[in-house]
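Participant: Spelled out from the first residue to the last, the chains are:
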Amino acid sequence: NAGVTQTPKFRILKIGQSMTLQCAQDMNHNYMYWYRQDPGMGLKLIYYSVGAGITDKGEVPNGYNVSRSTTEDFPLRLELAAPSQTSVYFCASTPLAGQGVSDTQYFGPGTRLTVL
Amino acid sequence: DQQVKQNSPSLSVQEGRISILNCDYTNSMFDYFLWYKKYPAEGPTFLISISSIKDKNEDGRFTVFLNKSAKHLSLHIVPSQPGDSAVYFCAARFGNQFYFGTGTSLTVIP
Chain A
1 NAGVTQTPKF RILKIGQSMT LQCAQDMNHN YMYWYRQDPG MGLKLIYYSV
51 GAGITDKGEV PNGYNVSRST TEDFPLRLEL AAPSQTSVYF CASTPLAGQG
101 VSDTQYFGPG TRLTVL
Chain B
117 DQQVKQNSPS LSVQEGRISI LNCDYTNSMF DYFLWYKKYP AEGPTFLISI
167 SSIKDKNEDG RFTVFLNKSA KHLSLHIVPS QPGDSAVYFC AARFGNQFYF
217 GTGTSLTVIP
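Protein chains in written order, with our numbering: chain A, 1 to 116; chain B, 117 to 226.
It should be emphasised that the hints constitute simulated quantities derived from the structure, not laboratory data.
Ideal Cβ placement from N, Cα and C applies to all residues, glycine included.
Any given hint might turn out to be false.
To be verified - In silico lysine-lysine, BS3-like type, Cα no more than 30 Å apart, as pairs: (1) A:K44 with B:K172; (2) A:K9 with B:K121; (3) B:K153 with A:K57; (4) A:K57 with B:K121; (5) B:K170 with B:K184; (6) B:K187 with A:K44; (7) A:K44 with B:K170; (8) A:K57 with A:K44; (9) A:K44 with B:K184; (10) A:K9 with B:K153; (11) B:K187 with A:K57; (12) B:K187 with B:K170; (13) A:K44 with B:K153; (14) B:K170 with B:K121; (15) A:K44 with B:K121; (16) A:K57 with B:K184; (17) B:K184 with B:K153.
As the list claims (entries may be wrong) - Computed from the model, here is a short list of chain A residues facing chain B with C-beta under 7 Å: (18) M41; (19) G42; (20) F90; (21) T104; (22) F107; (23) G108; (24) P109; (25) G110.
Excised from the complex, chain A in its bound form (with noise of 0.2 Å):
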């Protein structure tokens, strides 16, 4: 049982580059989310999903686009890459809440973004 894993664990990015990062869990998990966090401060979200074909927007979703076509994978999309996105880059999942359990997020290892 791995986890959340996330890839890559570091990127660098030009200005106005794309990337995904890719995001996947195997606890059959249907709550994912993603985080950004910057120095010296909490964890933001960027965008969250409850089930496969369902996404919708956190706190800071701006630059960014998600997709989920199955309950393991929720990638994150950066289109046209800004020094102000770099970041490290947390993916988390959630049991179903309800389900008896904590409702605890379970985090993957983080991707290290610089955009020069």
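Add chain B to chain A, keeping to what the hints say.
Facilitator: Quick look at chain B alone, frame taken from chain A:
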């Protein structure tokens, strides 16, 4: 606007003593609160949680207290151990979204 705040960026405690980490929030609609622990270059890991209908939850050395009238929660670690040195985030849930504080870096001195 930061809905969950951790006003102490850092805290140092002697091994064996109590560590108290604090968190304040502004949204009275939060129904669930969590504490996470984070080591460098790793994702946060769940530590302990509390429902808004309770005022205390205990798990081993970790206890979380919730004061709804003050919109304040705290994490107590007793006794503190060097392995507890990490960044601690509090988080609060509203609907399907979680809101995180900025973290407190705890150093436990042997």
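Participant: Hints first: check each against the structure and report whether it holds.
Facilitator: Now for the hints, and whether the structure bears them out:
no. : hint               : verdict
1   : A:K44 with B:K172  : holds, 27 Å
2   : A:K9 with B:K121   : holds, 29 Å
3   : B:K153 with A:K57  : holds, 26 Å
4   : A:K57 with B:K121  : holds, 22 Å
5   : B:K170 with B:K184 : holds, 9 Å
6   : B:K187 with A:K44  : holds, 21 Å
7   : A:K44 with B:K170  : holds, 26 Å
8   : A:K57 with A:K44   : holds, 11 Å
9   : A:K44 with B:K184  : holds, 23 Å
10  : A:K9 with B:K153   : holds, 20 Å
11  : B:K187 with A:K57  : holds, 26 Å
12  : B:K187 with B:K170 : holds, 13 Å
13  : A:K44 with B:K153  : holds, 16 Å
14  : B:K170 with B:K121 : holds, 20 Å
15  : A:K44 with B:K121  : holds, 13 Å
16  : A:K57 with B:K184  : holds, 28 Å
17  : B:K184 with B:K153 : holds, 23 Å
18  : M41                : holds, 6 Å
19  : G42                : holds, 4 Å
20  : F90                : holds, 5 Å
21  : T104               : holds, 4 Å
22  : F107               : holds, 3 Å
23  : G108               : holds, 5 Å
24  : P109               : holds, 5 Å
25  : G110               : holds, 5 Å
Violated hints are absent here; each numbered hint is respected by the structure.
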